[in-house]
Amino acid sequence: MRYYKLILYLIFFSFVFLLGIPHLYGDATIRAFDTPNDDGSSITVKWNYTGTGDTFELFRKTVSDTNWQKLKTLPLSKHSYVDDNTVRGVQYQYGIRIKTDTILSEMVISKPVSAKAQFFDTGKTLILVLILGYFAILIYFIGAAKKGKSLFIRKIAGLDALDEAVGRATEMGKPILFIPGISSMSDIATIAAVNILGPVAKKVAEYGTDLLVPNKDPIVASVTQEVVKESYLEAGRPDLFNPNKIWFVTDSQFAYAAAVQGIMVRERPATILLLGYFYAESLLLAETGNSTGAIQIAGTDAVDQLPFFITSCDYTIMGEELYAAGAYLSKEPTLLSSIKAQDYGKIAIFATLLLGLILGLLKSNWLINILTVR
Amino acid sequence: MKRRLPLIIVMLTGIGMIIQYFIPHPVSKAIYKQSIDWVIIISAFYLVLGVGGIFIINYQKIKRRKEGWWLSIITLSALIITALIGIFGGIDNKSVFMDIFMYIQLPMQAAMFSLLAFYIASAAFRSFRARTPEATVLLITATIVMLGRVPIGSLIYRGLPGITEWILSTVSLAAQRGILLGVGLGSIATSMKIILGIERSYLGGGE
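Quick mapping for you: the protein sequence lines, in order, are chains A and B. When the letters of the first sequence are read in order and numbered with my numbering, they come out as residues 1 to 374. When the letters of the second sequence are read in order and numbered with my numbering, they come out as residues 375 to 581.
A few of these clues could be false.
Straight-line distance between alpha carbons at most 25 Å, and here's what the computed SDA-like set of lysine to any residue pairs gives [as the list claims (entries may be wrong)]: (1) A:LYS174 to A:PRO243; (2) A:LYS229 to B:PHE429; (3) A:LYS331 to B:ARG378; (4) B:LYS407 to A:ILE131; (5) A:LYS124 to A:SER41; (6) B:LYS437 to A:ARG268; (7) A:LYS116 to A:THR66; (8) A:LYS245 to B:LYS440; (9) A:LYS174 to A:ILE131; (10) A:LYS72 to A:LEU104; (11) B:LYS407 to B:LEU379; (12) A:LYS346 to B:LEU570; (13) A:LYS229 to A:GLU332; (14) B:LYS376 to A:GLU234; (15) B:LYS437 to A:PHE241; (16) A:LYS331 to A:ILE368.
Computed list of chain A residues with no C-beta within reach of chain B, every gap over 10 Å [unchecked claim]: (17) ASP39; (18) ILE156; (19) ARG268; (20) ASP314.
Okay, the calculated bits of chain B under chain A, using three or more residues with CB under 8 Å as the criterion [stated by the list, open to error]: (21) 518–528; (22) 555–567.
Keep in mind that the hints were calculated from the coordinates and are not lab data. Just so we're clear, the structure is a prediction, and the values are computed from it rather than from any experiment. Beta carbons: idealized from backbone N, C-alpha and C, even for Gly.
Generate the whole structure from the sequences, applying the supplied hints.
Following this line, the structure appears as structure tokens:
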């Protein structure tokens, strides 16, 4: 009778035990591999599990180590983990266990793996191809321009008005105020503004007009000073160059806006050029300039500020036109060729958008998959 | 050589930075970080030069008794006093330096920023006058968007916030993206021109 009870207890507890164990055996696999396209600081762990349980417990150890170190408790919905706390070259093993309230399953262990640094980010291949393609178009047009091929460039009213604006200031005997935005020299818009400043300063020097360039960034101040100086030299009027008229004001946004507004009201410039990157101060400057009666030409690639400039300025150079301005004003064929390359780039983008639209309507993700940068 | 050397430096640095973007290796990241550190150090030196420039310009203004010379006295006094307080009194949260920042500079900046509301009103008044068909479209669109953004808009017509959202997320965004695509291409072209040494205006002069 005793044995009978013992056997019954054994059967009962075995049954309970078997029910309690998550269905792990045969259902779980784990794979650890070096995270692709990284600097060799992480390992990705992926696992498959189809049974029941509450949570996953992820463990890690180095191959030479004997003790497992618990890394993380993860919900059952998770099937991957990126371990970014690894030492490059060291071999690690990862193990996973499924946990319920009472029972922890046996550990499924991955093969040893080590993190390696990559020399090329394959996720950026598409970007590289597009840059090279665009580069090829650019080189082609530069070559064509050098061979003397005439390139048609559409008129940009804001840039054509620059001559008129400088002439007006000369006639009125009032200065020209040039504001190269409030961004740093690393901003392309600032570089574009400086590219416009060169030809403008040359013209100003030829006419003998005053040019004021207040700057928000000390590096930009130094560059603009140098550009204006060179332009005056080129125009043959180095005697007119006054370094004190191209100066650093402050690096505080609204203090700069207040200072420039003050200059506008006190000096009453005949022409105001607002070119570069602007933030919230754009309207403060443009409206004050408008109230002084100055002819205003603005240009920015800051999309949010464009409506303000369009409202308050006589001419607005929009987005890419700002980058084209240097080339447009210089009339240099090799520089003009880049505008042509830009136009072809836009045609390519438009064609891609159109293709994407058609494929989207046909419910195809082919183009999206190709163009997705991973 | 005066012009060639900067061009060579620009070309090498530019190409180096493009290559760096595609290499995730730690050496590449270290070079990038080092370059950023250099920029920060150079900026600090330029700031000193900039402040020096402020001193010279304002000093000359005072010396020559130019119009508004007394404003230069205020500028230089504020600069010197604030700098001395910061150097000798420290710049922690309870310092006088921070008090100057919190109770003088910040309110003044906020006042400047708040002026924007009035400038927007005056600019809007000018642009919304329905003189041309385009300005009329602008006026109607602006009225819808403005009303759709405030509670009274949905009281006038329940669908107004939805129409506003559609204008902003479809019509306006489409135009913005068009400009942004051009900006992207333009910035690549400008970068290429600078890296290849075709664009040299930023160095001052032409040749």
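Verification of the supplied hints:
no., hint, in the structure
1, A:LYS174 to A:PRO243, "18 Å, holds"
2, A:LYS229 to B:PHE429, "21 Å, holds"
3, A:LYS331 to B:ARG378, "22 Å, holds"
4, B:LYS407 to A:ILE131, "24 Å, holds"
5, A:LYS124 to A:SER41, "19 Å, holds"
6, B:LYS437 to A:ARG268, "23 Å, holds"
7, A:LYS116 to A:THR66, "23 Å, holds"
8, A:LYS245 to B:LYS440, "14 Å, holds"
9, A:LYS174 to A:ILE131, "45 Å, violated"
10, A:LYS72 to A:LEU104, "15 Å, holds"
11, B:LYS407 to B:LEU379, "24 Å, holds"
12, A:LYS346 to B:LEU570, "22 Å, holds"
13, A:LYS229 to A:GLU332, "21 Å, holds"
14, B:LYS376 to A:GLU234, "16 Å, holds"
15, B:LYS437 to A:PHE241, "21 Å, holds"
16, A:LYS331 to A:ILE368, "40 Å, violated"
17, ASP39, "5 Å, violated"
18, ILE156, "12 Å, holds"
19, ARG268, "12 Å, holds"
20, ASP314, "13 Å, holds"
21, 518–528, "violated (count 0)"
22, 555–567, "holds (count 12)"
When the structure is compared with the earlier hints, violations turn up for hints 9, 16, 17 and 21 and for no others.
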